[in-house]
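J.: Residues per chain, in single letters:
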Amino acid sequence: MALLSVKKLNISVDVPGGEKQLVRDVSFEVGKGEILGLVGASGSGKSLTSMAIAHILRREYKVSAEEILFDKRRMDLMSEGELCDIRGREIAYVFQEPMTSLNPLLRIGRQVAEPLEIHGIKFSTKVEKTEAVKQALKEAGLEPTRDLLRAYPHQLSGGQRQRVMIAMAFICNPSLLVADEITTALDVDTTNVIAELLLERRKRYGTSIIFISHDTKLVERVSDRILHMKNGEMLENHESPEEAERELMAAKRAEEAEIRAMEGSETSDEDTDEQSASGNKIAGRDKNNALNAKKVILEVKNLSFAYSDRSVLGKVTLKPVLKDVSLVLREGETLGIVGKSGSGKSTLVKTICGLQKSNEGEIIYAPGSEFPQMVFQDPYSSLNPARSVGRILYEAVRMGERRAAMKGEKKRVSKTLARQVVFDMLKSVDLKSEIAYRKISELSGGERQRVAIATALITRPGIVILDEPVSAIDANVQEQILALLKKLKETFGCSYIFISHDPEVIAKICDRVLVIEDGSIKEKR
Amino acid sequence: MKYIIKKIASLVITLLIISFVTFLAFAVIPGDAAVSKLGMDATPEQVEELREEMGLKGSVMSRYLRWLGNAARGNFGKSYRYDMPVTELISERLGATVGLACVSLVLILVFSVPLSLLSAAKPNGAVDNVLTILTQIGMAIPQFFLGIVLTLVFGILLSWFKTGSYVSPSVDFGGFLSFMILPAISVAIPKMSMMVKYLRDCIVSEKKNDYVRTAKAKGNGEAAILFKHVLKNAVISAITFFAMITAEVLAGSIVVEQVFGIPGLGRLLVNSINNRDFPVVNVIVLYMAALVVIMNTLADISYRIVDPRVSRAD
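From first to last, the protein sequence lines are chains U and V.
Using this note's numbering, read the first sequence as starting at 220 and increasing by one per residue.
Using this note's numbering, read the second sequence as starting at 66 and increasing by one per residue.
Source of the hints: derived by calculation from the structure; they are not laboratory data.
Glycine is no exception: its CB is placed at the ideal position from the N, C-alpha and C atoms.
Mixed in with the good hints, there may be bad ones.
Derived pair list, reagent style BS3-like, types lysine-lysine, alpha-carbon separation capped at 25 Å [stated by the list, open to error]: (1) Lys-513(U) x Lys-708(U); (2) Lys-187(V) x Lys-658(U); (3) Lys-538(U) x Lys-67(V); (4) Lys-741(U) x Lys-576(U); (5) Lys-281(U) x Lys-272(V); (6) Lys-293(V) x Lys-658(U); (7) Lys-348(U) x Lys-273(V); (8) Lys-341(U) x Lys-353(U); (9) Lys-353(U) x Lys-293(V); (10) Lys-281(U) x Lys-187(V).
Not everything, but these chain V residues come out facing chain U in the computed CB check (under 10 Å) [what the hints assert, rightly or not]: (11) Lys-272; (12) Val-277; (13) Ala-282; (14) Gly-284; (15) His-294; (16) Thr-362; (17) Ala-364.
Model the full assembly from the supplied sequences, consistent with the hints where possible.
T.: As C-alpha cells, then:
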C-alpha cells in the first residue's frame with residue numbers, strides 16, 4: 220500500500236487572455252520508506268507538483284486532481300484547517316533556498332521549535348522541549364550549542380541554514396519528507412553530507428522521501444526509483460532502475476551532443492591558433508610553459524585584509540579575511556579560484572575590482588586592464604529589473620567611455636554607434652536583437668546570465684571576474700554558458716578569473732587553479 | 066556609546082547650519098521688525114533707536130555669533146511682539162501642539178496596523194479595493210475641509226464632542242480629550258491613509274518571501290503566518306516612514322490649528338513670520354529641524370533593536 224498516491228494532478232495559473240497549464244495529468248505513487256527521485260529541467264513542474272501535495276502553493280495557482288491520497292486520507296478534499304494539521308507534522312518540506320527560507324527575525328531555536336508548538340506537541344518542562352530541538356539539530360548534523368539556538372539565520376552559512384531547515388522538517392518525525400532541490404545552492408562536500416543525512420533518516424525512521432533535483436547523478440545515488448518530468452508532464456514511469464538509467468543516459472548524451480555541436484568549430488580553431496603561435500606542436504604538458512611566457516596583466520602582491528568589528532562598547536577587534544595573498548594573471552588565461560564559503564574568495568575579487576580597499580599589499584594592473592569587470596552568481600539581483608536589456612548595455616558603453624576619459628582617452632561615440640555596439644554585443648552572446656527591448660525580469664536564468672556577461676564584456680576589459688557565474692543555472696544551460704565564455708575569451712582577448720565551488724566546472728574551463736582556505740592560498744594546481 | 070555621541074554631534078551640526086540659514090533668510094527678506102513693532106507712523110529716529118535696542122545693528126555674522134553665544138547659555142532672546150522670553154512663549158504653545166500630536170499618533174497607530182493587515186490579507190480582494198479607495202480619499206481631502214465637516218457633523222449636529230475653546234490637559238483632562246478628538250482626526254486621517262497604504266504594500270511584498278512558504282509548510286494557518294512571521298518583518302520596513310510622520314505631526318499643523326482655534330506652534334510660527342518676530346521663528350525652526358534629526362535617530366536605534374541583521378557595531 221503506497222503512502223502517497225497522486226492521480227491526475229493539474230496545476231494552472233491565470234494569464235492575460237486565458238489560463239496557462241503548468242502541470243498536466245500527473246500521477247505517481249510513493250511507497251512507505253521509499254525514496255522517490257523526481258528529475259527534470261527547471262520549469263518542468265516538479266516543484267509545483269510536490270508543493271501541491273500538501274497544498275502550499277500560493278493562491279494564484281489553481282490545483283485540481285482526481286485524487287490525492289495520503290495515508291488513506293483524501294488530501295484534495297480537506298479543509299485548510301485539516302491541511303494545516305498535516306503540514307509540518309506528517310508531510311514536511313525542505314526547500315531550495317536556504318538563504319531566504321528562514322524568518323530573518325527569529326532565533327534558530329524558536330524556528331526549529333515552532334512545528335512542535337503549532338501541532339500542540341506538549342512537553343512537561345521547558346528543558347525537555349529544548350532537548351527535542353537539540354536532538355533534531357543533532358540529527359541534521361549540527362552541534363546544538365546554546366549559541367546556535369540563540370543565533371539568527373544571517374549568522375549561519377548556507378549549509379548550516381539548510382541543516383536548520385532539515386532539523387525543522389525532522390522535528391515532528393513526518394512520514395513523508397519533500398526535499399526540493401535542497402542541495403542546489405550548496406558546495407559538493409555539504410551536498411554529499413546532506414544526501415547521507417536523508418538516507419540515514421529513512422533507515423532509522425522509515426521516512427518516505429520525495430527527492431527533487433536537476434542533478435541526475437545525485438538523484439541516481441539517493442533514490443530507489445526515478446521519475447522524469449518535462450514541460451509539466453510525467454514521462455513514462457520507469458519501473459526498473461536499469462530502464463531509468465538508460466533513459467537518463469540517453470538524455471545526457473543528447474545534451475552533450477548539443478554542446479559539442481555548439482562548441483564544435485571553435486575548439487578546433489583554438490588548437491590551430493595555439494600551434495601557429497608557438498611555431499611548433501605543443502604537447503599538453505608544455506601548455507603551462509607557453510602560458511608562463513605570456514604577458515602578466517595583473518599582479519597581486521602580499522594582499523591582506525581585515526574587517527574591523529566594533530562591539531557595542533566600541534571595542535575594536537580585527538577579523539582577518541585575507542592573509543598575504545599573492546597571485547598573477549596572464550594574458551588570455553583563465554584562473555580558477557576555489558574555496559568554501561567564508562574562505563575569503565569574494566573579498567579577494569572585490570579588492571581586485573577596486574570595490575574594496577586592502578589594508579596591506581599591492582595590486583598592479585597592466586595598461587588596458589585597469590578596470591576589471593564582474594559577472595555575479597545571481598543575474599536577477601545584480602541587474603536592474605526595471606530597465607530594458609538594451610538600456611543596461613547602453614549604460615555600460617557610456618560607463619566604459621567615462622573610464623577611458625579618466626585615463627585621458629576621449630572617445631565618446633554617437634548614439635547610433637553606441638546602439639550598434641549594443642546590438643553587436645547581443646549577437647556575440649548569442650541573443651536575438653529583440654531581447655534589447657525586453658526587461659531582465661522577462662528573461663530566463665540563462666538569458667539573464669548572457670546579458671550579465673555582455674554587460675561585463677561590452678567595454679572590452681582586459682580582465683573579467685566571474686563569481687560563480689553558473690551556480691544558479693540548470694546543468695544543460697550551464698554547459699552552454701561555459702562554451703560561450705570560452706568562445707568570448709578568444710574573440711575579445713581577455714583573461715578570466717573564475718570563482719566556483721564546483722570542481723567539475725573549474726576543470727572544464729580553467730587553465731590554472733588556486734585553492735583558497737581561511738584567507739590564504741593553500742594549493743596551486 | 067560611540068554611536069550615540071556620533072548622533073548627538075550630527076544633531077548639533079545640523080542645528081548650527083539650520084540656525085545660520087534661518088538667520089540669513091531673515092537678513093535677506095524685506096520687512097523690518099522695528100517698523101512692524103512701531104507701526105507705519107513711527108519716525109526714522111524712533112525706528113533707529115529701537116533697532117539699536119533690539120540688537121538689529123551690525124553685520125549678519127556678528128549678530129549670529131552674539132545670538133549663538135546667548136543661545137548656548139539657554140537664552141534665546143525675547144519675542145519682539147509679545148515682549149516675553151521666547152522659551153516661555155514657546156513652551157506655552159508646545160503643550161497644545163504636543164497634545165494634539167499625541168492624540169493623532171495614537172489614532173494613526175491604532176487604526177493603520179489592523180487596517181493594513183485587513184487590506185493585505187487578500188490583495189485585490191473586495192476589502193482591499195474598498196480600503197484602497199478610502200485611503201485615496203483620505204490622502205486627497207484637504208485638512209481644513211475635513212476639519213470643518215467634522216466640526217459640523219460631530220460637534221454641532223450630533224454634539225458628541227466639545228467644540229469651541231481649547232482646554233489645557235492639566236486643567237481638565239477629559240475636556241481636553243473631548244476637544245482634541247476632532248482636530249486629531251483631521252490631522253490623523255491623511256497620515257493614516259498614507260501609513261495604511263505603505264504598510265499594506267510592505268505586507269503584500271513580504272508575503273512573497275520564501276520564509277512565508279516555510280511557515281506555511283510547517284502547518285501555520287493564515288492568521289498565524291501573518292501575525293507571527295510577516296507583520297514584524299513588514300513593520301521594520303515602515304519604521305522610517307512612521308518616524309517621518311511623527312516628526313511632521315509633532316511640528317504642528319497650521320491649518321488644523323487655525324480651523325479649530327488651537328493655540329499651537331503652527332499658528333505661532335505663521336504669526337511670527339508675519340511680524341518679523343525673528344527670535345521666535347528661529348527657535349521654532351530649530352525645534353522642527355531637531356525633531357526630524359531626532360526621529361531619524363530613533364528610527365535608526367529601533368532598527369538596531371528589532372532587526373538582528375543590522376550590525377550593532379557602527
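J.: Now tell me if each hint is right for this structure.
T.: Right, here's what the structure says about each hint:
Note on Lys-513(U) and Lys-708(U): the hinted pairing holds, with a Cα-Cα distance of about 15 Å set against a maximum of 25 Å. Taken as a hint, the Lys-187(V) and Lys-658(U) pair is broken in the structure, with Cα atoms around 28 Å apart against an allowance of 25 Å. For the proposed pair Lys-538(U) and Lys-67(V), the alpha carbon gap of about 20 Å is at most 25 Å, so the pair holds. With a CA separation close to 23 Å, the supplied pair Lys-741(U) and Lys-576(U) stays within the 25 Å bound.
Note on Lys-281(U) and Lys-272(V): the hinted pairing holds, with a Cα-Cα distance of about 18 Å set against a maximum of 25 Å. Between Lys-293(V) and Lys-658(U) the CA atoms are separated by roughly 35 Å; this puts the pair beyond 25 Å, and the hint is violated. For the suggested pair Lys-348(U) and Lys-273(V), the alpha carbons sit about 31 Å apart, so the restraint of at most 25 Å is broken. Taken as a hint, the Lys-341(U) and Lys-353(U) pair is honoured in the structure, with Cα atoms around 16 Å apart against an allowance of 25 Å.
Taking the CA atoms of Lys-353(U) and Lys-293(V), the gap is near 22 Å; set against the 25 Å cutoff, the hint holds. This hinted pair checks out: Lys-281(U) and Lys-187(V) have alpha carbons roughly 16 Å apart, not beyond 25 Å. Using the Cβ-Cβ criterion of 10 Å, the hint placing Lys-272(V) at the interface with chain U is satisfied: the shortest such distance is roughly 9 Å. Interface restraint check: Val-277(V) against chain U, minimum CB-CB distance 9 Å, threshold 10 Å, status holds.
Because the beta carbon of Ala-282(V) sits about 4 Å from the nearest beta carbon in chain U, less than 10 Å, this interface hint is met. Taking 10 Å as the C-beta cut-off, the interface hint given for Gly-284(V) holds, the closest approach to chain U being about 4 Å. For His-294(V), the interface hint holds, since its Cβ comes within 10 Å of a Cβ in chain U; the closest pair sits about 5 Å apart. The interface hint given for Thr-362(V) is violated, since its Cβ lies 16 Å from the closest Cβ of chain U, which is over the 10 Å cut-off.
With a least beta-carbon distance of about 17 Å to chain U, the hint placing Ala-364(V) at the interface is violated under the 10 Å criterion.
The structure is inconsistent with the numbered hints 2, 6, 7, 16, 17, although it conforms to all the rest.
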